[in-house]
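S.K.: Chains as they are written, first to last, in my numbering: chain A, 1 to 316; chain B, 317 to 736.
It should be emphasised that the hints constitute simulated quantities derived from the structure, not laboratory data. Remember, predicted model here, so these are calculated numbers, not experimental data. Note that the Cβ used here is the ideal one computed from N, Cα and C, for glycine as well. Mixed in with the good hints, there may be bad ones.
[Claimed, not checked] DEER-style ranges, computed between Cβ atoms:
(1) A:Ser139 to B:Glu725: 47 to 57 angstroms
(2) A:Asp280 to B:Arg421: 25 to 35 angstroms
(3) A:Asp143 to B:Ala412: 47 to 57 angstroms
(4) A:Asp141 to B:Asp422: 39 to 49 angstroms
(5) B:Asp394 to A:Ala153: 17 to 27 angstroms
(6) B:Arg359 to A:Asp56: 44 to 54 angstroms
(7) A:Asp312 to B:Ser410: 51 to 61 angstroms
(8) B:Ala412 to A:Asp141: 43 to 53 angstroms
(9) B:Asp394 to A:Thr277: 17 to 27 angstroms
(10) B:Arg421 to A:Gln133: 56 to 66 angstroms
(11) B:Ile327 to A:Asp35: 34 to 44 angstroms
(12) B:Arg421 to A:Glu118: 16 to 26 angstroms
(13) A:Glu118 to B:Arg359: 25 to 35 angstroms
[What the hints assert, rightly or not] Derived pair list, reagent style EDC-like, types lysine to aspartate or glutamate, alpha-carbon separation capped at 16 angstroms:
(14) B:Lys397 to B:Glu369
(15) A:Lys247 to B:Asp429
(16) B:Lys428 to B:Glu395
(17) B:Lys397 to A:Glu114
(18) A:Lys45 to A:Glu315
(19) B:Lys397 to A:Asp143
(20) A:Lys252 to A:Asp239
(21) A:Lys252 to B:Glu395
(22) B:Lys428 to A:Asp298
(23) A:Lys247 to B:Glu425
(24) B:Lys724 to B:Asp429
(25) A:Lys202 to A:Glu25
(26) B:Lys401 to B:Asp429
(27) A:Lys40 to A:Asp143
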Amino acid sequence: MRVKTKYGALTTFLFLIIHTAFALEPIEPIPLVQDVDPSKVALGKRLYFDQKLSSDGSISCASCHDLDSKYGTDLLPVSTGVANAKGTRNSPTVLNSALNFRQFWDGRADTLQEQAIEPLTNPVEMGLESMQQAVAILSADNDYVSQFAQIYADGITPTNITEAIAEFEKTLMTVNSPFDQYLRGDANAISAVQKRGYQLFKSYGCTACHQGVNVGGNMFQKFGVLKDINLRDAQQQVDLGRYQVTKNEWDKHVFKVPSLRLAVKTPPYFHDGSAATIEDAVNTMIEFQLGREVPVEDRDAIIDFLSSLVGDLPEI
Amino acid sequence: MKNIYILVLFILLLVGGLISQYYLRKESNDLAWHAIASVHLERLLVIDGHINESIVKTRYNLENNYDNLAANVRAFSDEIKALVKHMHARPEISLAVQEDIDRLRDAYENKKDVTENFKSHNSVLKNSVLYAPTVGSELIKISSQVPEGEQFSQYLSELNTNVLKYSHSTFEEHPEVVTTQFNELNTQDQSLPVIASIAYSEFSNHVQTVLDEKPFVEQYLATALLMPIADQVFGVKSHLDGMMLKAAETGQQVNYFTIAYFSVFALSVLLLGLRFSRANGSIATAVESRTRDIEAEYLKLKEASENSDADSQLSASDMHAIHAMDTMVGNVSRNIGSLQFRVIEMDRFFAWVKKLSDTFNHENVDKAKANELIKKVVIYYRDLARRKVFDEVHEVLKDSEQGLQDVKEQSAGLIKREVN
Chain A
1 MRVKTKYGAL TTFLFLIIHT AFALEPIEPI PLVQDVDPSK VALGKRLYFD QKLSSDGSIS
61 CASCHDLDSK YGTDLLPVST GVANAKGTRN SPTVLNSALN FRQFWDGRAD TLQEQAIEPL
121 TNPVEMGLES MQQAVAILSA DNDYVSQFAQ IYADGITPTN ITEAIAEFEK TLMTVNSPFD
181 QYLRGDANAI SAVQKRGYQL FKSYGCTACH QGVNVGGNMF QKFGVLKDIN LRDAQQQVDL
241 GRYQVTKNEW DKHVFKVPSL RLAVKTPPYF HDGSAATIED AVNTMIEFQL GREVPVEDRD
301 AIIDFLSSLV GDLPEI
Chain B
317 MKNIYILVLF ILLLVGGLIS QYYLRKESND LAWHAIASVH LERLLVIDGH INESIVKTRY
377 NLENNYDNLA ANVRAFSDEI KALVKHMHAR PEISLAVQED IDRLRDAYEN KKDVTENFKS
437 HNSVLKNSVL YAPTVGSELI KISSQVPEGE QFSQYLSELN TNVLKYSHST FEEHPEVVTT
497 QFNELNTQDQ SLPVIASIAY SEFSNHVQTV LDEKPFVEQY LATALLMPIA DQVFGVKSHL
557 DGMMLKAAET GQQVNYFTIA YFSVFALSVL LLGLRFSRAN GSIATAVESR TRDIEAEYLK
617 LKEASENSDA DSQLSASDMH AIHAMDTMVG NVSRNIGSLQ FRVIEMDRFF AWVKKLSDTF
677 NHENVDKAKA NELIKKVVIY YRDLARRKVF DEVHEVLKDS EQGLQDVKEQ SAGLIKREVN
């Protein structure tokens, strides 16, 4: 970039204004095709829906991540696992989760494959004793034995189970949302209000955190950056988020910034499901993440924009 | 008897041959092993470079999200895992190499943390910078209505508080950096309203000078707009180059890709034309006519893709190319729209500054001091970001580079020792 030093402060100022305005869009469309192995996908899909993989045979991944009308979640504040055990966190959608840079609210799993071990063996989710138990359950089923053998030389192993599930999850994308069509050049794919909502989403600074192909899911942020989150409804925030993983003081109340691609479809909100409506959630964001005041009609335009992010449900 | 000597000689030769075969093979295995290690290390260095580049780019809005950065950190982690696995595939690696690998891994973990830290701080910093002009313009509006400019300091302190809030949640470990900055600013607090008004009039003189040198502004605007787009155009173009080559090799779909290729090429030429043009008349008109050209090109491109051989199945990589082109063209047209909008805004901005300078010009205050201040306001955001975030990043960069270099040297040394 050529900058004439003689203009000092002015050039710097122009640089800030112009660069903020002209850089490429902070959000990118979801690619229309995924590179996956179809036979692993088929196996992973079967495992995903199989309740046998839980201690009491009642729970599958789909119990908490319904792929139909619930858009990859259970629509509950916190999830219910085997024997009606309650967890402490809100179940995020599995749709588009392959686009996240880490998995879980606190990012404790690096990949989908690593992630899948946890629900299987978590006492309040599927409740198996170990991955070896999963291997034993599947090995008792001749269908599984031959399906695994066709794909993997070493047959049924913990690694192969989680790899197949992860491969299936990579196909769970909601492509072609109106907003993606707009990004690909169809100026009429979204309404005038949604366009305004998008401008506001950028100019108020939501894109500083919710950005990239998944409109979130590519960084960690403190919940309550500009205002102490404990001041919200006088509720004490007990979940310290990423601190539990790193034990770094500055990671207290830090969470993975969630994707907003399906936000309008997946209430309630936040890691603890503490915001019942999308309006609640956005109000909290404005107050605690931006430290600003935003007129109601601007907020509603932003929410209208969020609804343009919903793409087609994947064909299962 | 003679036959026995010949037999013995033969056996000796055979054994010698086998033994040297064995050593040769072992040595070439070693060579392969080291070569692979070097390839991994080479790749680590390259990815490390990409990470550093992304950090700087996202800091200055040349990259507008962290997807690239996150992908490179992931790639780095995969590469390290591959390297470690490779190193450990050979039982007798030296202690020195083992230590270096450990150091490298530590440096990576550290860098990962710092990158995460950078991302979250940088985001909030950007919001502060975004917010500053809003507050700034509010403050000018009000102080121009009220001659004493009473509200001026109030707003400025709001701005300060906001930045302080930001810095508390980011620079916890080094509060003195922030404090010094603000102490400096606060010592001038009493005279702020007056000084600032003069500062802005000084500022407006600058703007006037720049306006007189209009080609500079034009070029600046055009460059700022087109740099990222041109990047993308050439990205797509090189992608298409590759596909053309493949199409030529397999004799498939040449028609469609030729057309697509030339459309995109035409588009890039147009864009570059715009970048280097010193348009006569207003920028807005020039931009408008270019927009029409680009849209026409895009229609051609679309048509070409629709008219392409309907029977031929599009492969995944074809789909990727189309996706990339669509996105690129979408970006182009939106950026052009935003340029037009920005031009209008800039006009308003200049008019507004002009009015301001008229209002304040008769005041009699120390201009040098005023200038100093306005520079500070603009610069201190940059400093905030640079000092802490960049110091930290920089240190880790040095650390991980050192780690890589060490391992590289060790591995090169090993190769030399064992080959000789």
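S.K.: Now tell me if each hint is right for this structure.
M.R.: Now the hints, each set against the structure:
At roughly 49 angstroms, the beta-carbon separation of serine 139 of chain A and glutamate 725 of chain B lies within the given 47 to 57 angstroms, and the hint holds. Aspartate 280 of chain A and arginine 421 of chain B have their C-beta atoms about 43 angstroms apart, which leaves the hinted 25 to 35 angstroms range violated. Between aspartate 143 of chain A and alanine 412 of chain B the beta carbon distance is about 52 angstroms. The supplied range of 47 to 57 angstroms therefore holds. Distance hint check: the CB atoms of aspartate 141 of chain A and aspartate 422 of chain B are about 44 angstroms apart, consistent with the given range 39 to 49 angstroms.
Hint check: aspartate 394 of chain B to alanine 153 of chain A, Cβ distance near 22 angstroms, so the stated range 17 to 27 angstroms holds. Arginine 359 of chain B and aspartate 56 of chain A have their C-beta atoms about 47 angstroms apart, which keeps the hinted 44 to 54 angstroms range intact. Hint check: aspartate 312 of chain A to serine 410 of chain B, Cβ distance near 56 angstroms, so the stated range 51 to 61 angstroms holds. Taking 43 to 53 angstroms as the suggested C-beta distance range, the pair alanine 412 of chain B and aspartate 141 of chain A conforms, at roughly 51 angstroms.
For the pair aspartate 394 of chain B and threonine 277 of chain A, the supplied restraint of 17 to 27 angstroms is violated, since their beta-carbon distance comes to about 40 angstroms. Between arginine 421 of chain B and glutamine 133 of chain A the beta carbons are some 32 angstroms apart, a value that contradicts the proposed interval 56 to 66 angstroms. One distance hint, 34 to 44 angstroms for the beta-carbon pair isoleucine 327 of chain B and aspartate 35 of chain A, is violated here, with the actual separation near 57 angstroms. Distance hint check for arginine 421 of chain B and glutamate 118 of chain A: the Cβ-Cβ separation is about 24 angstroms, which falls inside the suggested range of 16 to 26 angstroms.
At about 31 angstroms, the beta-carbon gap between glutamate 118 of chain A and arginine 359 of chain B stays in the expected band of 25 to 35 angstroms. Simply put, lysine 397 of chain B and glutamate 369 of chain B have alpha-carbon atoms about 22 angstroms apart, too far for the 16 angstroms limit, and the pair is violated. A distance of roughly 12 angstroms separates the Cα atoms of lysine 247 of chain A and aspartate 429 of chain B; the hinted pair therefore holds under the 16 angstroms criterion. In summary, the hint linking lysine 428 of chain B to glutamate 395 of chain B is supported, as the alpha carbons are separated by about 14 angstroms, within the 16 angstroms threshold.
Of the pairs offered as hints, the one joining lysine 397 of chain B and glutamate 114 of chain A holds, with about 15 angstroms between alpha carbons and a cut-off of 16 angstroms not exceeded. Pair hint lysine 45 of chain A plus glutamate 315 of chain A holds up; C-alpha atoms about 12 angstroms apart against a cutoff of 16 angstroms. This hinted pair does not check out: lysine 397 of chain B and aspartate 143 of chain A have alpha carbons roughly 34 angstroms apart, beyond 16 angstroms. Between the alpha carbons of lysine 252 of chain A and aspartate 239 of chain A the distance comes to roughly 9 angstroms, so the proposed pair stays at or under 16 angstroms and holds.
Between the alpha carbons of lysine 252 of chain A and glutamate 395 of chain B the distance comes to roughly 30 angstroms, so the proposed pair goes past 16 angstroms and is violated. For the suggested pair lysine 428 of chain B and aspartate 298 of chain A, the alpha carbons sit about 37 angstroms apart, so the restraint of at most 16 angstroms is broken. A threshold of 16 angstroms between alpha carbons decides the hint, and for lysine 247 of chain A with glutamate 425 of chain B the separation of about 15 angstroms falls inside it, so the pair holds. Between lysine 724 of chain B and aspartate 429 of chain B, the direct Cα distance comes to roughly 24 angstroms. Violation of the 16 angstroms bound is thereby established for this hinted pair.
A C-alpha spacing of about 9 angstroms is found between lysine 202 of chain A and glutamate 25 of chain A, which places the hinted pair at or below 16 angstroms, so the restraint holds. Pair hint lysine 401 of chain B plus aspartate 429 of chain B does not hold up; C-alpha atoms about 23 angstroms apart against a cutoff of 16 angstroms. As the CA atoms of lysine 40 of chain A and aspartate 143 of chain A are separated by approximately 15 angstroms, the hinted pair is consistent with the 16 angstroms bound.
Going through the hint list in order, the structure does not satisfy hints 2, 9, 10, 11, 14, 19, 21, 22, 24, 26.
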